[in-house]
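Visitor: Following the hints, complete the assembly by docking chain S onto the known chain G.
Protein chains: 2
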Amino acid sequence: MHNSFKPQNRILMGPGPSNVHPKVLEALSKAPLGHLDPQFIELMDDIKLLLKYTFKTESDATFVISGPGSLGMEASLVNLIEHGDKIIVCVGGYFANRMTQIVEKIGGQVVVVKETWGRAIDPQKLEDALKQNPDTKVVAFVHAETSTGALSNIKLLSEIAHKHNCLVVADTVTSLGTTEIYVDQWDLDAVYSCSQKGLSCTAGMSPITFSERAVHHIKKRKTPVQSWFNDLNLLLGYWSGTDKRIYHHTAPSNQFYGLHEALLILKDEGIENAWRRHKENSGKFISKLKQIGLEPLVPEGERIPNLTAVKVPEGIDEAKARSELLNKHNLEIGAGLGELAGKIWRIGLMGYNSNEKMIEFCISALKDVLKK
Amino acid sequence: MHNSFKPQNRILMGPGPSNVHPKVLEALSKAPLGHLDPQFIELMDDIKLLLKYTFKTESDATFVISGPGSLGMEASLVNLIEHGDKIIVCVGGYFANRMTQIVEKIGGQVVVVKETWGRAIDPQKLEDALKQNPDTKVVAFVHAETSTGALSNIKLLSEIAHKHNCLVVADTVTSLGTTEIYVDQWDLDAVYSCSQKGLSCTAGMSPITFSERAVHHIKKRKTPVQSWFNDLNLLLGYWSGTDKRIYHHTAPSNQFYGLHEALLILKDEGIENAWRRHKENSGKFISKLKQIGLEPLVPEGERIPNLTAVKVPEGIDEAKARSELLNKHNLEIGAGLGELAGKIWRIGLMGYNSNEKMIEFCISALKDVLKK
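Order-wise, the sequence lines are chains G and S.
With our numbering applied, the first sequence corresponds to residues 5 to 376, in that order.
With our numbering applied, the second sequence corresponds to residues 5 to 376, in that order.
Any given hint could be a false lead.
No copy is singled out in the list; a pair is fine if it fits within one copy or between any two copies.
Simulated crosslink set (DSBU-like; lysine-lysine; CA at most 30 Å straight-line) [stated by the list, open to error]:
1) LYS375 to LYS90
2) LYS315 to LYS248
3) LYS347 to LYS248
4) LYS135 to LYS375
5) LYS90 to LYS283
6) LYS90 to LYS224
Simulated from the structure, these hints should not be mistaken for laboratory data.
Owing to the predicted nature of the structure, the values given are computational and were not obtained by experimental measurement.
Next up, chain G with everything else stripped away, as it sits in the complex (with noise of 0.2 Å):
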């Protein structure tokens, strides 16, 4: 290639990325700041503010990981977690497993609390398995699976873990800005997320926010956090205080004017209106899908609003069907993953996206490549 890159302007479609405001990709284009500049203190403290908001918490240790999602899957379960403690994870798909691969490689002891792909955690077995393994430090769990397009209930998961004495870590990288997300009412201690899909901002950032206990159970540490890039400790030093920021590692400075922009694109429209837009789009697009002969994978009432799992329909080669609509209809939609590989098409609706004019674009896209 070797020449300057011309990127299609595809319809975004799948699980994340998602496409983003036209205001947002106007805010990475401007000038790059120093990572201490006053002025880029400013925006971090602002990011911070918007982040609070998003999250729906009060804590100050709520800030930006300066990587993508799975970054900050691990800086969550790198800093609750030492070498031995016991964690049980629930896992009901693809990323929740991630978790389960990422404890084994800093040394954690992992419980699994199974669940079928495409259906939400059922309380009942993280009960069971709590009362299985007393000594159980921290629950793990996905809030929306993007791999199979189920929510489980984590205020009720966070309740059974803290009436067991446990810490909790969720992973809300496909629900954030999307699905009702109460951080300090659900008690919630580690939450990730990413930038690139309720919040649609472009890929490379994970929003990340630590309760009061986690902090203090961090500081408490019987052994050193076992990563350098993603230790609490020392992120806080750059993040907080109101005198001295102290040097960790150089921020993305124009990534954070694209998160910045994006969030408060998110505030102006009020994150409970936003839940509502997702919500009911969701409602719509799954009536139209039926419409055309298309089911979803999940029962009602186990849905993610903004992330629809479609079984692939008998006769119907997914990866051609797939390739027809990015070469087409310039469509990205996502392939299953693991288990649910070639079963299923997940179909996104996102932020900016979420919204009728993509209804009826996939919509029809669909009708004309299943029409063969």
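Guide: Positioned in the frame of chain G, the structure of chain S alone reads:
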């Protein structure tokens, strides 16, 4: 604040970030692509080719870590080092010291070869340390120590390390694109850099390359790599292979657009020409600094061509001077770090900023601020 952010158009002449070409800023705001879009995979392949050119390597394990340079540092060390492994780190500044902190966090046994801050590493000290520690597995050093302005002869350090059968980790955060580096010829095993200095892109990415020997070593590890996000085995699944890429994390598409454009600009100039330009401008800058009574910290022959550490003249409040440069002249230069805090300024002439106009601007602003 809570309004769209309007950054000052700063002149960035600190240790990085540096200003970037308008074409790079423009590239950042192009339409995002999915991380598995065929067009995006082509872009990744092109970035790989351009990085091979930039690093002077043929290794296929050449790619980008989706986070800042310090994450690249952690990625290099966490892949090469297993718990209990002995590693020698040559420390003549703040960033080499960070390497020792990371090694300790991942459970390696650190031996420090100590050098005076502001001097190149003395190869004899490494030779002696290796004789005293024949069980050393890895030797790590910094090419251009960002905290002091000193450039080490890493070709020679690498030769010594390999004589003792060690793998070599080289930090080229402040040298890539500005200073001669021949990764293959110099036999460097893990080399990482950043995007916001010599490459003149925005911050947030870490170009990295591993030798075939390093990849082999990692594949033969007795214990798993302690990090999931930085695990080379997983990263290569996403960055390599002619057929199908295995999803790892969601790559920051728009950041990659910027890096691609920045690498193209470097290639268009020719990397040898860029090296020469930085060297020439460094000479001109230092002679002008001397004319206004400022002295470089580092002796001739050991200076980083794109980053000059300048001694703060007696009687000058260094923080006040920097603040005046910023507020009156819109010019950012860097403070001293660690044991050089308060004693030096660090002035960068990197990539897009390494030109006579910037030299004149900086000298004239310094003159103005120092005249009082």
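Visitor: Please go over all the hints and tell whether each is borne out by the structure.
Guide: Against the structure, the hints come out as follows:
1. LYS375 to LYS90: Answer is neither: 51 Å inside a copy and 63 Å across each miss the 30 Å cutoff.
2. LYS315 to LYS248: between (54 Å within a copy, 23 Å between copies)
3. LYS347 to LYS248: Classified as between: cross-chain Cα gap 19 Å, same-chain 53 Å, threshold 30 Å.
4. LYS135 to LYS375: neither (52 Å within a copy, 74 Å between copies)
5. LYS90 to LYS283: neither (36 Å within a copy, 55 Å between copies)
6. LYS90 to LYS224: Both: 17 Å inside a copy, 28 Å across copies.
Hint compliance for this structure: hints 1, 4, 5 are broken, all remaining hints hold.
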